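Number of protein chains: 2
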Amino acid sequence: MLYSQVEYILQQIFPSGLTKPLIIGVSGGPDSSCLLDILNRLGYPLIIAHLNHGLRVEADAEADLVGQVGKNLGIKVILGKEDVPAFAQQNKLSIEEAARVLRYRFLFTQAIQIGAQAVAVAHSADDQVETMMMHLLRGTGLSGLKGMSIVALPNSWSEDIALIRPLLSSWRQEIVQYCQDRDLHPIQDKSNQDTSYYRNRLRHELIPYLESYNPQVRKALWRTAQTLAADEEMLEEAVGKVWGECVVDEGPGYAAFRYTVLVGQSKGMQRRLFRQGLNRVKPGLRDVDYETVERAVGFIANPARTAYISLSGGCYLLLEGDRLWLAGWDAYLPGFEWPQLPGGAAISLDVPGEIELPHGWSLKADLVCRSDLPRSFSTNTDAFTAWLSFERLKLPLLIRARRPGDRFQPLGMLDRKVKLSDLMINAKLPRRARSAWPLVYSDETIVWVPGHAISNAVRIDEDTQQVVIMRLHRRPDVEEMSDFSRSG
Amino acid sequence: MLYSQVEYILQQIFPSGLTKPLIIGVSGGPDSSCLLDILNRLGYPLIIAHLNHGLRVEADAEADLVGQVGKNLGIKVILGKEDVPAFAQQNKLSIEEAARVLRYRFLFTQAIQIGAQAVAVAHSADDQVETMMMHLLRGTGLSGLKGMSIVALPNSWSEDIALIRPLLSSWRQEIVQYCQDRDLHPIQDKSNQDTSYYRNRLRHELIPYLESYNPQVRKALWRTAQTLAADEEMLEEAVGKVWGECVVDEGPGYAAFRYTVLVGQSKGMQRRLFRQGLNRVKPGLRDVDYETVERAVGFIANPARTAYISLSGGCYLLLEGDRLWLAGWDAYLPGFEWPQLPGGAAISLDVPGEIELPHGWSLKADLVCRSDLPRSFSTNTDAFTAWLSFERLKLPLLIRARRPGDRFQPLGMLDRKVKLSDLMINAKLPRRARSAWPLVYSDETIVWVPGHAISNAVRIDEDTQQVVIMRLHRRPDVEEMSDFSRSG
Numbered sequence: 002m003l004y005s006q007v008e009y010i011l012q013q014i015f016p017s018g019l020t021k022p023l024i025i026g027v028s029g030g031p032d033s034s035c036l037l038d039i040l041n042r043l044g045y046p047l048i049i050a051h052l053n054h055g056l057r058v059e060a061d062a063e064a065d066l067v068g069q070v071g072k073n074l075g076i077k078v079i080l081g082k083e084d085v086p087a088f089a090q091q092n093k094l095s096i097e098e099a100a101r102v103l104r105y106r107f108l109f110t111q112a113i114q115i116g117a118q119a120v121a122v123a124h125s126a127d128d129q130v131e132t133m134m135m136h137l138l139r140g141t142g143l144s145g146l147k148g149m150s151i152v153a154l155p156n157s158w159s160e161d162i163a164l165i166r167p168l169l170s171s172w173r174q175e176i177v178q179y180c181q182d183r184d185l186h187p188i189q190d191k192s193n194q195d196t197s198y199y200r201n202r203l204r205h206e207l208i209p210y211l212e213s214y215n216p217q218v219r220k221a222l223w224r225t226a227q228t229l230a231a232d233e234e235m236l237e238e239a240v241g242k243v244w245g246e247c248v249v250d251e252g253p254g255y256a257a258f259r260y261t262v263l264v265g266q267s268k269g270m271q272r273r274l275f276r277q278g279l280n281r282v283k284p285g286l287r288d289v290d291y292e293t294v295e296r297a298v299g300f301i302a303n304p305a306r307t308a309y310i311s312l313s314g315g316c317y318l319l320l321e322g323d324r325l326w327l328a329g330w331d332a333y334l335p336g337f338e339w340p341q342l343p344g345g346a347a348i349s350l351d352v353p354g355e356i357e358l359p360h361g362w363s364l365k366a367d368l369v370c371r372s373d374l375p376r377s378f379s380t381n382t383d384a385f386t387a388w389l390s391f392e393r394l395k396l397p398l399l400i401r402a403r404r405p406g407d408r409f410q411p412l413g414m415l416d417r418k419v420k421l422s423d424l425m426i427n428a429k430l431p432r433r434a435r436s437a438w439p440l441v442y443s444d445e446t447i448v449w450v451p452g453h454a455i456s457n458a459v460r461i462d463e464d465t466q467q468v469v470i471m472r473l474h475r476r477p478d479v480e481e482m483s484d485f486s487r488s489g
Numbered sequence: 002m003l004y005s006q007v008e009y010i011l012q013q014i015f016p017s018g019l020t021k022p023l024i025i026g027v028s029g030g031p032d033s034s035c036l037l038d039i040l041n042r043l044g045y046p047l048i049i050a051h052l053n054h055g056l057r058v059e060a061d062a063e064a065d066l067v068g069q070v071g072k073n074l075g076i077k078v079i080l081g082k083e084d085v086p087a088f089a090q091q092n093k094l095s096i097e098e099a100a101r102v103l104r105y106r107f108l109f110t111q112a113i114q115i116g117a118q119a120v121a122v123a124h125s126a127d128d129q130v131e132t133m134m135m136h137l138l139r140g141t142g143l144s145g146l147k148g149m150s151i152v153a154l155p156n157s158w159s160e161d162i163a164l165i166r167p168l169l170s171s172w173r174q175e176i177v178q179y180c181q182d183r184d185l186h187p188i189q190d191k192s193n194q195d196t197s198y199y200r201n202r203l204r205h206e207l208i209p210y211l212e213s214y215n216p217q218v219r220k221a222l223w224r225t226a227q228t229l230a231a232d233e234e235m236l237e238e239a240v241g242k243v244w245g246e247c248v249v250d251e252g253p254g255y256a257a258f259r260y261t262v263l264v265g266q267s268k269g270m271q272r273r274l275f276r277q278g279l280n281r282v283k284p285g286l287r288d289v290d291y292e293t294v295e296r297a298v299g300f301i302a303n304p305a306r307t308a309y310i311s312l313s314g315g316c317y318l319l320l321e322g323d324r325l326w327l328a329g330w331d332a333y334l335p336g337f338e339w340p341q342l343p344g345g346a347a348i349s350l351d352v353p354g355e356i357e358l359p360h361g362w363s364l365k366a367d368l369v370c371r372s373d374l375p376r377s378f379s380t381n382t383d384a385f386t387a388w389l390s391f392e393r394l395k396l397p398l399l400i401r402a403r404r405p406g407d408r409f410q411p412l413g414m415l416d417r418k419v420k421l422s423d424l425m426i427n428a429k430l431p432r433r434a435r436s437a438w439p440l441v442y443s444d445e446t447i448v449w450v451p452g453h454a455i456s457n458a459v460r461i462d463e464d465t466q467q468v469v470i471m472r473l474h475r476r477p478d479v480e481e482m483s484d485f486s487r488s489g
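Protein sequences, first through last, are from chains A and B. Here this note's numbering is used: position 189 in the first sequence is 190, and no number is missing along the way. Here this note's numbering is used: position 167 in the second sequence is 168, and no number is missing along the way.
A hint or two may mislead.
[Stated by the list, open to error] Now the stretches of chain A that chain B is said to cover, found in silico as 3 or more residues with beta-carbon under 8 Å:
| # | stretch |
| --- | --- |
| 1 | 129-141 |
| 2 | 210-218 |
[What the hints assert, rightly or not] EDC-like mimics (lysine to aspartate or glutamate), calculated; alpha carbons at most 20 Å apart, straight line:
| # | chain 1 | residue 1 | chain 2 | residue 2 |
| --- | --- | --- | --- | --- |
| 3 | B | K220 | A | E237 |
| 4 | B | K242 | A | D290 |
| 5 | A | K220 | B | E292 |
| 6 | A | K220 | B | E295 |
| 7 | B | K242 | A | E237 |
| 8 | B | K220 | A | E292 |
| 9 | A | K242 | B | D423 |
| 10 | B | K268 | A | E234 |
| 11 | B | K268 | A | E237 |
| 12 | B | K191 | B | D128 |
| 13 | B | K268 | A | E238 |
| 14 | A | K220 | B | D290 |
| 15 | B | K242 | A | E238 |
| 16 | A | K268 | B | E234 |
| 17 | A | K420 | A | D444 |
| 18 | B | K220 | A | D290 |
Derived by calculation from the structure, the hints in this document are not laboratory data. Predicted model, so just to flag it, every value in this text is computed and none were measured. For each residue, glycine too, the CB sits at the ideal point set by N, CA and C.
Generate the whole structure from the sequences, applying the supplied hints.
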């Protein structure tokens with residue numbers, strides 16, 4: 002019964018058999034002993050891998066025993082050893098979690114070296130139910146509740162070597178029975194009885210307790226996981242489609258969403274797109290917590306005035322025009338081609354005169370007689386061109402980036418100054434361009450914020466004889482300025 | 002805190018306020034007392050509804066008390082009374098479930114009579130968590146795990162009157178505190194402490210026990226429900242889209258899927274399409290069990306040789322060409338226009354001669370000299386035309402439907418006969434057309450199965466002088482024969 006069920010599952014996994022060896026993780030307990038026996042009976046090319054966790058006094062003896070089993074069966078055995086407690090401490094993991102990480106890492110390191118077809122582990126239906134409950138109690142979504150997969154490819158350890166769990170539909174009781182029937186002598190790991198381990202407590206206390214509510218609860222939970230896995234697959238497929246429509250740029254440490262497409266999605270879809278984005282931007286992050294996701298979704302619905310939000314995990318969201326950037330702090334975002342001053346630079350500009358800025362930008366100042374000006378000068382609507390009263394300027398002008406506390410008195414504002422930082426937000430200058438945005442100073446006063454306004458202090462009035470015409474522009478042979486100019 | 006949170010939720014539900022009264026279900030306990038107080042403070046037009054379940058000795062006194070509360074507030078109170086134990090017994094429900102059904106029925110009956118805008122009930126965040134765990138322990142999918150909705154419309158009781166749960170994000174502890182702060186005096190229902198009730202045991206034993214695994218478990222579960230609800234919404238949307246592409250016909254008690262489209266969907270989608278189909282075909286069925294769904298999905302992947310499967314709940318699946326019917330036993334399926342004999346009829350046919358069958362079909366027999374036949378007669382490939390040896394027939398022929406145990410010796414089969422039922426399956430005659438399919442008998446022998454083959458016993462051989470040409474055909478002015486002719 003168990004044998005033919007597992008045989009059927011393996012035929013589904015490998016319809017045309019195996020061309021390369023299968024690595025099987027063998028602890029020596031009932032589950033892995035049973036799986037090893039079945040795989041061996043089916044004639045699959047096997048390699049046994051056993052990791053000595055060094056956690057219990059019997060560990061060395063057990064490694065020897067697994068070595069002996071392999072010898073008897075004529076199967077190669079790879080023995081590994083790791084210091085689990087040290088790894089747990091270094092990485093702030095529980096002992097169980099550290100053992101898990103090291104075990105899979107060991108199995109897949111071997112599998113990659115050998116060029117194995119797949120890695121087989123012996124999780125049972127009971128393990129499935131316990132995993133599901135563990136996730137549920139800790140707090141999870143569908144991806145946690147669906148439990149483990151019979152075939153996981155890609156998985157966290159490899160893109161092309163599958164992790165398979167042929168016993169995932171078999172109950173522990175059947176497995177123990179199989180071992181008896183086949184006269185196998187699995188190791189009885191005493192630590193499995195130790196309920197100070199979280200999972201053991203789940204196994205020996207929680208599940209039996211839940212059975213007092215429904216004697217069939219394990220079966221019910223297993224089926225729920227099964228159904229949810231199919232639901233999750235459907236959702237991931239749907240997310241993949243929308244991702245394609247929605248993500249316009251992706252690179253190391255960043256992804257850019259089309260904001261108008263993203264904001265039109267359902268909340269559930271937004272959550273999943275954000276999670277997927279975070280997985281790609283920060284592949285290391287394992288669990289994204291609920292608050293982070295909710296904050297991100299909240300920001301999408303209602304971006305702050307700053308169009309920016311900092312998120313846990315060293316990430317941020319930044320809205321620029323129709324582009325929503327999800328990025329790590331250390332990522333270099335593309336399209337950084339606004340007018341910018343090289344770090345900390347302060348450049349003198351004579352009138353007339355011209356200076357070059359990076360990315361093909363230039364800032365030019367011309368001097369004309371007031372009488373030569375076209376009549377329409379007062380209706381200048383180009384924010385990248387300015388008309389200043391020459392008489393009110395102190396030369397040379399200074400071009401530099403903003404400094405903390407900078408204030409500015411825009412044209413038409415007579416009695417007070419505004420904070421430059423507020424003004425830049427209101428003017429919708431791209432956030433990441435603000436700190437190196439070129440500003441025109443006369444003496445210590447900002448006389449022009451290119452892209453926004455001139456200072457009231459240098460406005461043209463009845464006394465003006467000569468006019469300085471300033472222009473910040475980009476050479477036409479340089480690629481068109483991106484987002485900001487289109488959306489600002 | 003609680004007040005402003007609930008106020009915010011209500012503003013989201015009713016952005017432009019209420020035009021019609023809101024029915025609020027009031028048991029008199031803390032939850033409904035709190036909700037009543039908030040709704041009343043917000044100035045909503047209210048009507049209190051209280052159902053006396055007649056389960057406890059205090060029930061009448063409690064109804065009086067709720068009446069008094071309404072009087073004090075100047076709010077109309079509707080009191081109802083039901084015999085819960087009797088209803089439970091009649092409908093084989095638990096007392097809790099019976100009370101639940103009667104309560105909602107009462108609330109919505111009142112709401113419809115009055116023309117209410119919505120029905121408000123006072124489920125709390127704790128109720129949400131308990132409901133989720135109840136579903137999980139009984140066995141459920143996403144639709145059960147997502148718990149209750151703050152706004153349910155449509156719901157099981159109405160298409161246009163919303164069921165709302167403004168306290169679904171508020172914890173019982175906050176609610177009790179609110180009642181104290183506002184000096185409300187809710188009824189303390191002693192049966193809430195009675196752990197012989199399933200839900201009470203969940204509340205007083207299971208949840209505290211789970212808190213020993215994670216002190217924040219209630220919050221974690223509540224959030225999981227929240228996330229899953231959004232996932233479920235996405236999936237239902239996706240199912241709606243595929244349903245539109247996949248379902249080609251729908252009527253009372255049946256739905257027809259385009260099989261090729263259905264079979265190309267993921268297993269998860271197939272499960273959901275089938276569930277949705279069943280909900281439409283049999284609106285009464287509440288929970289479709291796991292096995293039924295898995296059997297249906299198994300049949301879709303691999304339809305039995307009979308192209309038919311009977312399912313629990315009085316339903317069946319039937320594959321005809323590219324059409325998969327999901328139907329109740331009592332449903333009359335459309336497109337029943339194959340050649341059929343009126344029930345039990347046996348009709349004589351002379352040679353030459355012709356008989357009329359329903360739906361424009363006719364069966365005609367002509368007699369020709371062998372020498373007049375075209376040379377190519379032996380390659381007749383039209384299964385609805387037959388060439389029989391006149392000398393081997395006994396006239397008149399008899400046209401009638403099959404009888405149990407009928408056997409047939411197709412052309413070319415020399416030494417044995419096959420069961421007619423097997424032959425009809427192999428010939429892919431539509432299942433529901435088989436029992437009234439017209440067969441041509443000579444004496445007691447079937448000489449022709451129209452649509453399939455003639456009998457070996459009446460084949461044309463060297464001795465044949467005269468040939469009977471039979472043809473089963475449909476008048477061209479009658480609508481084209483459906484599925485079978487196209488797919489057979």
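Quick rundown of the hints versus the structure:
Only residues whose C-beta sits within less than 8 Å of a C-beta in chain B count toward coverage, and the stretch 129-141 of chain A has 5 of them, enough to reach three; the restraint holds. Counting residues of the stretch 210-218 of chain A whose CB lies closer than 8 Å to any CB of chain B gives 6, which reaches the minimum of 3, so the coverage claim holds. Restraint check for K220 (chain B) and E237 (chain A): the C-alpha separation of about 26 Å exceeds 20 Å, so the hint is violated. Between K242 (chain B) and D290 (chain A) the CA atoms are separated by roughly 31 Å; this puts the pair beyond 20 Å, and the hint is violated.
For a cut-off of 20 Å, the pair hint linking K220 (chain A) to E292 (chain B) stands: about 12 Å separates their Cα positions. Between the alpha carbons of K220 (chain A) and E295 (chain B) the distance comes to roughly 15 Å, so the proposed pair stays at or under 20 Å and holds. Proximity of K242 (chain B) to E237 (chain A) is assessed by CA-CA distance (about 17 Å); at most 20 Å being required, the pair is judged to hold. Among the hinted pairs, K220 (chain B) with E292 (chain A) is consistent with the structure: their alpha-carbon atoms are about 12 Å apart, no more than 20 Å.
About 46 Å separates the Cα atoms of K242 (chain A) and D423 (chain B), which puts this hinted pair outside 20 Å; it is violated. Taking the CA atoms of K268 (chain B) and E234 (chain A), the gap is about 9 Å. The hint holds against a cut of 20 Å. Note on K268 (chain B) and E237 (chain A): the hinted pairing holds, with a Cα-Cα distance of about 14 Å set against a maximum of 20 Å. Proposed proximity of K191 (chain B) and D128 (chain B) is supported: the alpha carbons are some 17 Å apart, at most 20 Å.
Of the supplied pair hints, the one linking K268 (chain B) and E238 (chain A) holds, its CA atoms being roughly 13 Å apart against a limit of 20 Å. Restraint check: the Cα-Cα separation between K220 (chain A) and D290 (chain B) comes to about 13 Å, which is no more than 20 Å; the hinted pair holds. Distance check on the hinted pair: K242 (chain B) and E238 (chain A) sit about 14 Å apart at the alpha-carbon level, within 20 Å; holds. Under the criterion of a C-alpha separation no larger than 20 Å, the hint pairing K268 (chain A) with E234 (chain B) is consistent with the structure, at around 9 Å.
With a C-alpha separation of about 18 Å, the suggested pair K420 (chain A) and D444 (chain A) falls inside the 20 Å cut-off, and the hint holds. A hinted pair counts as satisfied when its Cα atoms are at most 20 Å apart, and K220 (chain B) with D290 (chain A) qualifies at roughly 13 Å.
The structure does not agree with the numbered hints 3, 4, 9 stated previously, though it agrees with the rest.
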